[in-house]
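Engineer: Line by line, the protein sequences give chains A and B. Take the first sequence: its letter number 337 is residue 336 in numbering that gives the first Met the number 0, and every next letter is one higher. Take the second sequence: its letter number 273 is residue 272 in numbering that gives the first Met the number 0, and every next letter is one higher.
Check the hints yourself; a few may be wrong.
Unchecked claim - A few chain A residues that face chain B, going by a derived Cβ cut-off under 8 Å, partial list only: (1) T4; (2) Y24; (3) E65; (4) K312.
Think of the hints as simulated: they come from the structure by calculation, not from any bench. Idealized CB from N, CA, C, for every residue including glycine.
Letter by letter, the chains look like this.
There are 2 protein chains.
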Amino acid sequence: MINFTVGPVQMDKETLQIGNNQIPYFRTSAFSDLMKENEKLLCKFFDASDNSRAVFLTGSGTASMEAGIVNFFTKQDKVIVVNGGSFGQRLIELCKIHEIPFTEIKLKYGTPLTEQHLAEYENSGYTGFLVQLCETSTGLLYNMKMIGDFCQRNKIFLFVDAVSGFMADNFSMQEMHVNAAITGSQKALALPPSMSFIVLDETAINRCKINNVKSLYFNFPLYLRDGERGQTPFTPAVGTLLQLNEKLKRIEKAGGIKNQNEIIKQRADNFRNKIKDLPLKLFTDKKNASSCVTALTPTNINVNAYQIFEILKDEYDIWICPNGGDMAETVFRVGHIGSITDKEIDKLIEAFKDLQKRNLL
Amino acid sequence: MINFTVGPVQMDKETLQIGNNQIPYFRTSAFSDLMKENEKLLCKFFDASDNSRAVFLTGSGTASMEAGIVNFFTKQDKVIVVNGGSFGQRLIELCKIHEIPFTEIKLKYGTPLTEQHLAEYENSGYTGFLVQLCETSTGLLYNMKMIGDFCQRNKIFLFVDAVSGFMADNFSMQEMHVNAAITGSQKALALPPSMSFIVLDETAINRCKINNVKSLYFNFPLYLRDGERGQTPFTPAVGTLLQLNEKLKRIEKAGGIKNQNEIIKQRADNFRNKIKDLPLKLFTDKKNASSCVTALTPTNINVNAYQIFEILKDEYDIWICPNGGDMAETVFRVGHIGSITDKEIDKLIEAFKDLQKRNLL
């Protein structure tokens, strides 16, 4: 099978090799050293300010979204949440569950957040801003520089869900005035699903330390304390952390995160050029699109997007990524993260062309 | 390295092989079928009653302990917590954080809970009982039949942390009147650390459905709902779940859980017989000891337990399991779970004998 989903994605051979090894005991100085290196490189690749820290949480991206919300916000906050798709909607749900007062900016899915949206919230006493870098359900890339500037001039704490956007898209916590951001192991880092990682700047570190976090497993101050000696308070997915270490060092050697951004962007551009003559419409306008994933709508209204996923899986040995909820019948996605070759992209294009010939696309 | 810790433990070659494979996309009927099989076998191996269900949580054992507490109990409950070591202590902390009214039965570490302890809590309006099957920090195996009978006659909900005890020790949710129990991937199942599993009987299912669980990631009703179609609400550690499936089927083929209990018990007995002449004292009396792990105290008061861990690691390529907190200097542990051969046990015994010769033990 060729895997064009947005996670778990195809892993590199170096990562797979580690998965074939026994997992070492981790309460050792050797593992602590590796974790300190992980933290240093992750903070560097998020372009976080000096004294930033990372939390290594065993759990999906949603675990880190929820953990971030309970560590950074309280009932005394007043936050803006951008809802431009399923993952924006999830941030809304989390604010409701934890009774964080919020204002929702609901976008037409696939359309960008603009200065006009933000204008009415200037100087309005907001204390937090929650948004994705890339809304994975539509492939929309938010203008994070614009959001960051808004947050900076309004002294608003900015928490970014970069689960799928990190590495695929240009991202700098410092330049974009981001206080905390998360990513997941099974996205562009191309490790097994199991962990998510949160990078916190000094403001974020201070925030979670004064909040009385009502959770043991999600208690960032505990992770930060144990992290000082390169450890985690609870048994982490040790194998994934070894794979993370190998991967981060490999990224560093290959020219760092900018180089990764470029590789993934070229891959996305390549794919988008090749589908130009196919009966597929970009769900999100090219200029607002993340390089992580392309969301597509078949232009033939008789074609069901979910069925394309099923046929490609069953007859062509290819996984694309189906959408859920309201978009299930009309939108599917092709991911550009993980270990994907040009040859594999060509195979997908050929499959689309064959479907077209068969009047199935 | 030979690994005698209590997790991550040594994995079987079949498990490692799967770790070397790409991870499939999981929102498919093939994965759903596999998950339904996982659920069926897990419920069977916990000897849970008909209509029991399993929740597959990406997170450590502590994640499942916390999730269980917020799903099964509220501020209106009144629970008994047995504290016989670090993990009993963790249950206490969790009740405090979530404001669950509790009474602590604090035991001298390494000593059993008895009928006398329980007598004063008969007919006292308790609604919940929290206890480990095996207290991993001391190797104590609780008398779960006695606890279960107490809970049954007092109509108390019994939640058991069987993270390290499952498979190592005899355990039956039905015979022991247990309503919910958990285990972890990196314990006797010998999979990579990343997931924990909760088995719920009908009473437990009903309890979490009426509680208004203040968490998205820990919301069991969501897991139970998606589990009906063999899915999880959030991306799980898919690789671990594939490994779980292979392992559960292998256990089934090899005679089921009773056979595993026997294998691990023989291994523990073998080890305990072989150390009889060494200057090591069982921290927990043999008749109260779990087969999961043996906690040992060097009889020579000049010997530091943590140093034994360090020397075995650095000079003999063997990991035993150090204790934390108050017991760090006086107690270390030898695990009996995972893929361990008699030959490896002999190597550990030889290493102990060599340390003795060197006047280090």
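Engineer: Broken hints, numbered, in rising order?
Structural biologist: none
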